[in-house]
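Novice: The opening position of the sequence shown corresponds to residue 302 in the working numbering, with each subsequent residue numbered one higher.
Hints are supplied without guarantee of correctness; some may be wrong.
[Stated by the list, open to error] Straight-line Cα separation of at most 20 Å, SDA-like style, residue types lysine to any residue; simulated pairs: (1) LYS363 x ASN350; (2) LYS582 x THR520; (3) LYS511 x ASP526; (4) LYS617 x SER628; (5) LYS464 x ASP407; (6) LYS511 x LEU496; (7) LYS578 x GLY515; (8) LYS586 x PHE638; (9) LYS353 x PHE314; (10) LYS640 x GLY515; (11) LYS376 x SER426; (12) LYS578 x SER649; (13) LYS616 x LEU496; (14) LYS578 x GLY607.
[Unchecked claim] FRET-style restraints, in silico, Cβ to Cβ: (15) GLU403 x GLU585: 22 to 30 Å; (16) GLY632 x GLU480: 36 to 44 Å; (17) ARG388 x GLU484: 34 to 42 Å; (18) GLY632 x GLU517: 13 to 21 Å.
Quick caveat, the hints were computed from the structure, so don't treat them as lab data. Beta carbons are placed, not taken as given, at the ideal position from N, Cα and C, and that holds for glycine.
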Amino acid sequence: MNNIHSVTDKALFDALSQPRVTPNELRDLYLQRGILVSKATDKKELAKNFSKFSHDFHLHQKIAAIFGGFLRREKSTSVLIKNTISRDIMLEAADQLKKELENQDDLCNIIADKNIVRIHVTYLSTNYGKSDFCQVEKKTAVFEIEKQDLGYSIRRPDNDQAKAYESTFLKHIEILCNEENPEEDFDLDVDEINLSNIDDAEKRTEFFTKLINGLEGFTLHDVTDAYVYHPKPKVIEEEDGDTDSGVHISKASLKGEGVLKSEELTSLYQRGFYIWKIRWKVLEKDGDSDMYEFEAQFNDPLDFNGFSYISRGYKKFKGAGEYNKNSVPLGDSREIFFKQLIESTARSIIDNINEEYE
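Turn these sequences into a full structure, and let the hints steer you where they fit.
Specialist: Following this line, the structure appears as structure tokens:
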């Protein structure tokens, strides 16, 4: 169900009262009904009176569009296809995905550059846990298929719908490869960034400490947020009743400056906690640099899989060791650069840790 069919007067009032609806937008709704209102009229009063009017599907869609324009940036995640596959097959698989999505009334566009193929998918996301006018959101997922020394990387937004599209895309690739070489039993070799095979707390923390210190050409400036996790021991899981031995703290977080150097974090390490999510800032090693901020995590802190990350923008260098107060988003080319850098660094660290256990 992609449309809202029934909205109560109360839901309409609540929606129009939210900060996302500006006074100008509310006055425009009145004007569309041929009613002029004063700028001095209180917004709550305008919302209250407007919600008493009859309202139909088309009005609901107009108001829902106001809320649909405020979408948060999503984290990115990626997989690596290690097979040798021709570019033509990748493009054909993208075309088949496009046809399949358009049959579902989603929009899909493919842009093929020299080294990167981008698939733009526009779709409607429904969440019935939200208020009436926020239940349906129009989203755009961009898939970046990038040629690597070994195979291809596929980068996408970290959400369930994008994951489903990715699975469909991979299915088409595998089918096409089998059709091209029917005598061979072709299986995709898809590699994810995870440490699910290693449950050593020190090694899991080591992944993040090496990641934030290992971005080539950059030096760590500070860690502002560290989230730690301590798996529940099986002894406690099997414990019945509310006894002292059943008390267990699984998650904790520290925020501030110099978090990694804090005594509190050291104490948590000693109790078996490890980092599963982190937020940090870096500077370029050469010369005066803007300050870049990133966040990375494993979505499943227990199994340590589902690696995702996001840039939180950068602060421009003003001089004399000072930076602008507010962060600004990265440009497209810089965004791609850091995505590639974080992914390659993370994969290298994973490979090195796994080699220690071979």
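Novice: Take the hints in turn and mark each one as holding or not.
Specialist: Structure-based check of each hint:
1. LYS363 x ASN350: Between LYS363 and ASN350 the Cα gap is close to 18 Å, so the pair holds against 20 Å.
2. LYS582 x THR520: holds, 9 Å
3. LYS511 x ASP526: Holds, at roughly 16 Å.
4. LYS617 x SER628: At roughly 8 Å apart (the allowed maximum being 20 Å), SER628 and LYS617 satisfy the hint.
5. LYS464 x ASP407: holds, 15 Å
6. LYS511 x LEU496: holds, 14 Å
7. LYS578 x GLY515: holds, 16 Å
8. LYS586 x PHE638: holds, 16 Å
9. LYS353 x PHE314: Given that 20 Å is the threshold and the Cα spacing comes to 9 Å, the pair holds.
10. LYS640 x GLY515: holds, 14 Å
11. LYS376 x SER426: Holds: LYS376 and SER426 sit about 17 Å apart, inside 20 Å.
12. LYS578 x SER649: holds, 18 Å
13. LYS616 x LEU496: violated, 32 Å
14. LYS578 x GLY607: holds, 12 Å
15. GLU403 x GLU585: 22 to 30 Å: violated, 43 Å
16. GLY632 x GLU480: 36 to 44 Å: holds, 41 Å
17. ARG388 x GLU484: 34 to 42 Å: Violated: the Cβ-Cβ distance is about 23 Å, outside 34 to 42 Å.
18. GLY632 x GLU517: 13 to 21 Å: Cβ of GLY632 to Cβ of GLU517: about 20 Å, so the range 13 to 21 Å holds.
Going down the numbered hints, you'll see the structure goes against 13, 15, 17, while the others check out.
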